[in-house]
Amino acid sequence: MKNYLILLLFSLFVMVGMGQTKTFHDFKTTTLEGETFDLASLKGKKVLVVNTASKCGLTPQYKDLEALYKKYGGNNFVIIGFPANNFLKQEPGTNEEIRDFCTKNYGVTFPMMHKISVKGDDMDPIYQWLTQKSQNGVKDSEVSWNFQKYMIDEEGKWVDFLNPKEKPDSKKLIQWITGNK
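Per the numbering used here, residue 544 is the first one in the sequence shown, and the count goes up by one each step.
A hint or two may mislead.
Said to hold, decoys possible - Below, computed lysine-lysine pairings styled on DSS-like, alpha-carbon distance capped at 25 Å:
no.	residue 1	residue 2
1	Lys647	Lys708
2	Lys632	Lys614
3	Lys632	Lys710
4	Lys700	Lys714
5	Lys614	Lys710
6	Lys606	Lys589
7	Lys647	Lys613
8	Lys598	Lys708
9	Lys682	Lys606
10	Lys589	Lys632
11	Lys710	Lys700
12	Lys588	Lys715
13	Lys708	Lys682
14	Lys598	Lys613
15	Lys632	Lys708
16	Lys588	Lys714
17	Lys647	Lys710
Derived by calculation from the structure, the hints in this document are not laboratory data.
Please model the complete structure; the sequences and the hints are all you need to start from.
Have a look at this one:
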């Protein structure tokens with residue numbers, strides 16, 4: 544009987560602990576156009592979250608991200624860009640200027656959100672979740688530069704991340720999107 548009670552208490556503790564972790568789908572954000580974007584609308588899709596900047600040596604990755612989105616985007620995969628001005632002020636533009644830049648220079652069609660902070664005291668709650676194991680339940684990470692990429696599964700769970708210099712057409716990312724090893 545004592546062992547049964549211990550097992551029951553342990554099971555309850557595990558279930559309660561698991562229930563406290565938020566998922567990516569629990570957040571809402573705002574698009575570059577100022578509209579509310581409910582991340583719950585992405586349930587059932589793999590999501591690649593990228594912090595972007597218009598005046599960075601890695602800015603040409605917009606082209607690669609758009610190519611990846613055109614090839615794999617749709618019912619099962621989406622890319623979401625979050626412009627941020629945290630690294631050497633390489634995203635100085637307004638939301639409208641960012642939208643115009645992305646459209647004119649790279650033909651970006653994947654969803655772009657409003658400019659946020661991805662580190663520091665004013666870090667956006669989505670990036671707090673992405674970078675803190677206590678919130679995502681998987682791993683701590685630090686956004687090291689523009690174009691860091693976070694992989695979120697169909698249930699809104701944190702999977703992994705790619706360093707900024709790792710290109711969007713990397714073998715690791717393509718295998719994750721397609722499910723092929």
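We went through each hint and held it up to the structure:
| no. | hint | verdict |
| --- | --- | --- |
| 1 | Lys647 to Lys708 | holds (23 Å) |
| 2 | Lys632 to Lys614 | violated (31 Å) |
| 3 | Lys632 to Lys710 | holds (22 Å) |
| 4 | Lys700 to Lys714 | holds (21 Å) |
| 5 | Lys614 to Lys710 | holds (15 Å) |
| 6 | Lys606 to Lys589 | holds (20 Å) |
| 7 | Lys647 to Lys613 | holds (17 Å) |
| 8 | Lys598 to Lys708 | holds (15 Å) |
| 9 | Lys682 to Lys606 | violated (29 Å) |
| 10 | Lys589 to Lys632 | violated (30 Å) |
| 11 | Lys710 to Lys700 | holds (22 Å) |
| 12 | Lys588 to Lys715 | holds (18 Å) |
| 13 | Lys708 to Lys682 | holds (20 Å) |
| 14 | Lys598 to Lys613 | holds (24 Å) |
| 15 | Lys632 to Lys708 | holds (18 Å) |
| 16 | Lys588 to Lys714 | holds (19 Å) |
| 17 | Lys647 to Lys710 | holds (21 Å) |
Hints 2, 9 and 10, counting from the list given before, are not met by this structure.
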